[in-house]
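My request is simple: use the sequences and hints to build the entire structure.
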Amino acid sequence: MAEKPRLKVPKEAKKGEIIEIKTLLAHPMETGLRKDASGKLIPRKIINKFTCEFNGKPVFSADIEPAVAANPYIQFTAKVEESGTFKFTWTDDDGTVTSVDQQIKVA
Amino acid sequence: MQTITRRRALGLGASAVLVLTVADVTGALATPAETDAEIAKFTGGKTPVQGKIAIDLPEIAENGNTVPLSIVVDHPMTEQSYISDILVVADGNPRPGVAAFHLTPASGKATAATRIRLQTTQNIIVVAKTNSGQLFTDRKQVKVTIGGCGG
Chain A
1 MAEKPRLKVP
11 KEAKKGEIIE
21 IKTLLAHPME
31 TGLRKDASGK
41 LIPRKIINKF
51 TCEFNGKPVF
61 SADIEPAVAA
71 NPYIQFTAKV
81 EESGTFKFTW
91 TDDDGTVTSV
101 DQQIKVA
Chain B
1001 MQTITRRRAL
1011 GLGASAVLVL
1021 TVADVTGALA
1031 TPAETDAEIA
1041 KFTGGKTPVQ
1051 GKIAIDLPEI
1061 AENGNTVPLS
1071 IVVDHPMTEQ
1081 SYISDILVVA
1091 DGNPRPGVAA
1101 FHLTPASGKA
1111 TAATRIRLQT
1121 TQNIIVVAKT
1131 NSGQLFTDRK
1141 QVKVTIGGCG
1151 G
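As they're listed, the protein sequences go chains A and B. For the first sequence, my numbering begins at 1 and goes up steadily by one. For the second sequence, my numbering begins at 1001 and goes up steadily by one.
Keep in mind the hints are simulated off the structure, nothing from the lab. Note that the Cβ used here is the ideal one computed from N, Cα and C, for glycine as well.
Derived SDA-like pairs (lysine to any residue); straight-line CA-CA distance at most 25 Å:
#1 87(A) / 1115(B)
#2 57(A) / 1082(B)
#3 8(A) / 22(A)
#4 1041(B) / 1141(B)
Counterexamples of contact, computed for chain B against chain A with all Cβ distances above 10 Å:
#5 1036
#6 1039
#7 1052
#8 1057
#9 1058
#10 1060
#11 1080
Structure representation (structure tokens):
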């Protein structure tokens, strides 16, 4: 969890351009259905929510179920009209929130 | 004392494998009713229109642990009319829900991609909703060689 999420966001874009955003967070996404070597169920631990905001306004979010693979990868697009900051957050079942900011210059 | 013949040993081995396989499937898979219920919760009981959605998934997934999924809905993304929600369900996983994406006009394009887990060969059903409540749906089957739910 300590690992920083990986982001792929362009540093610059033209006004009105639709940019592609790729995100990946290192996380086991434990389904709660697997058993360990002694046959005990491994408790569920997943990232259940992902959000992306731009200058405080929502752009994209996802409700995630255990059927999303480990190290959740999410790709989507955003239309940028002005320079600003993207804020990405991932919420864990245990309440931990991982968040990262990313600047973009729009000309 | 009875000696264990080769044939008997083989038989024992085979039945042991069989027992293991059966025991390994943790819980039942989602029933079609559960899958339908999951979709009904999203649609509010209305029947979605077929089409408008391009689902990009491999025909055959060798490893069900991570299957790339990409969705594009052919719909404009303006303040007046845009795709607000995309629901993804799988009808052969332990639970039908996969993910729900929420979009805004600031998304620019009605698209999302992720990587999913598939237990077995099954259909992936995608339902998209516009801000005015119009519904579109499409589905695609994926053949899975090795399941990905740890069962």
